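What follows is each chain in one-letter form.
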Amino acid sequence: MPVLITLDRYAAMLGRSSGAAIRDLVAGAHRWRLWYLIGSAEMRRRFARARLGQLWIMLSSALSVSIMGFAWALLWKEPVHDILPFISISVTVWQFLAAVLNDAATAFPQSSQYFLNQYMPASTIIYSVLYKNVATFLLNMVFPIFIVIFLGDSVTTYSLLSVVGLSLVIAWCLFIGYAVAILCTRFRDIAQIVATVLQVAFFVTPVIWKPEFLPPQAHYLVSYNPFAPLLAVVRDPLLGRPLPGGVWLTACGIVLGTSACVLPFVGRFCRRLVYWL
Amino acid sequence: MASITLSDVTVEFPVHNASSRSLQLHVFGALGGKLAEHKKAVVVRALKRVNLTLRDGDRVGIIGHNGAGKTTLLRVLAGVYDPSGGAVKVDGRLTSFADLTLGMDLEATGLQNIIFRCVFMGLTFEEARRLSPTIQEFSELGDFLQLPVRTYSSGMFLRLAFAISTSIEPDIIIMDEMIGAGDAGFIAKAQARLSELLPRVKILVLATHDPTIMESLCSKIVWLHHGGEIREAGPFKEIYPKYLAAMGN
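Order-wise, the sequence lines are chains A and B.
Under my numbering, read the first sequence as residues 624 to 900, first letter to last.
Under my numbering, read the second sequence as residues 63 to 311, first letter to last.
Read the hints as simulated data drawn from the structure, not as lab findings.
You may find that some hints are simply not true.
For the chain A half of the interface with chain B, some residues (derived, Cβ under 7 Å), not all of them [stated by the list, open to error]: (1) 656; (2) 667; (3) 836.
Treat the numbers as computed from the prediction; the structure is a model and nothing was measured.
In this text, a Cβ means the ideal position worked out from N, Cα and C, and glycines have one as well.
All chains, full assembly: derive it from the sequences and hints.
See below:
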């Protein structure tokens with residue numbers, strides 16, 4: 624019986640914390656003007672005195688993506704028109720994921736002046752990180768989509784499913800980014816760990832190689848890697864690659880599972896983290 | 063009607079130095095390593111069981127020596143710190159003048175910054191645009207407003223920040239030290255603006271060490287002393303002489 628009572632209390636606590644987290648996320652969403660301004664100021668700062676401004680984002684990523692595509696076409700001995708669209712889209716999506724998590728790691732310490740001088744829901748900063756990176760991602764995607772139309776199969780209504788995939792990825796980024804941001808504020812060395820994990824994950828996730836290149840005994844790299852399905856739901860519809868329903872289910876499961884774990888955590892610490900700045 | 067109610071508010075800061083911020087030490091601590099000397103978390107109490115009720119018309123000065131908890135109290139009122147004990151209830155639109163430049167961006171023009179700062183103070187873009195002409199006029203910055211703010215002198219920058227921040231009339235104003243701006247010519251204008259704005263707001267809370275400012279603006283005093291306790295609170299005329307006498311010793 625005592626175990627049950629403890630469990631019951633624990634569940635009640637989780638419920639309360641999740642409620643607080645949801646209130647914080649809603650309050651933050653209502654401050655869209657603030658996260659829009661904070662995110663755009665951040666982008667302006669990067670390109671303020673550059674003549675080509677935001678165009679640099681597109682140019683530099685187009686260049687790196689196409690050189691990577693050609694190099695890996697030689698390495699994997701695959702035709703360029705096959706591997707280039709794949710790599711250009713994967714790398715761009717990966718850059719988005721990595722940028723969100725790396726930005727989240729420093730988000731709160733970097734914006735302490737906002738939190739110490741007036742009340743602002745903590746999620747406002749997470750939204751600004753997302754806004755900035757989604758905008759950058761959309762600019763970066765212009766070139767890969769052009770490549771796909773030019774080299775790949777015809778773009779069909781099936782390609783539109785990647786918008787659904789992208790929404791799943793953004794939702795996942797919101798939850799995981801919030802958790803990472805809180806952890807990195809309390810323990811300042813986790814930012815380094817996040818960067819390292821992302822570097823390693825880049826190589827063991829099908830970003831610059833296709834899942835089918837793997838020998839069967841190494842398939843666990845894809846099966847147990849949360850990044851793999853999240854990448855696939857954005858990339859594969861665009862490329863016209865068939866995507867089994869199981870991958871969609873896994874991606875949804877990852878998003879739901881992450882939110883279930885993260886919400887109580889966020890609710891418990893979202894008002895507390897100002898003390899750690 | 064605006065009001066502020068603090069009941070039994072306690073604020074405690076955890077002191078995280080490099081060692082308790084490090085995950086490594088937490089892990090070693092859990093493993094039974096000897097490095098983990100931080101187990102007893104060091105906590106600094108900044109406010110202790112503060113009870114305070116403010117209503118329309120209250121002009122409150124917060125006094126106390128350095129480290130008495132003045133800034134912490136102001137931050138609790140502004141909603142920055144969620145107190146570790148007790149409850150805070152604030153009714154009314156509150157503006158904190160702790161940082162007049164909050165939300166401003168050096169790379170953007172003066173005109174853009176007027177909008178940004180207004181939005182950070184809680185206006186919509188539409189409301190900010192409507193307010194902009196009066197702010198432009200008051201700032202006397204003329205054509206400079208077309209230039210990025212990073213090209214301004216610090217005096218011009220502050221003048222713009224002041225012009226924007228004081229152009230909105232909230233219910234409650236919270237100030238940590240008196241605000242002011244700019245060169246000799248602008249100081250008089252800034253003071254005129256303040257002496258127009260401050261009497262109009264419903265509640266004013268001000269922390270300052272300047273007796274003349276305190277006397278001219280405040281009718282009530284909250285006297286904090288070590289550990290963030292209220293030592294005395296009451297009418298200005300009654301408390302302030304006691305405070306001065308205590309400080310004189």
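Evaluated hints:
1. 656: Holds: closest Cβ of chain B sits about 5 Å from residue 656 of chain A, inside 7 Å.
2. 667: holds (5 Å)
3. 836: violated (36 Å)
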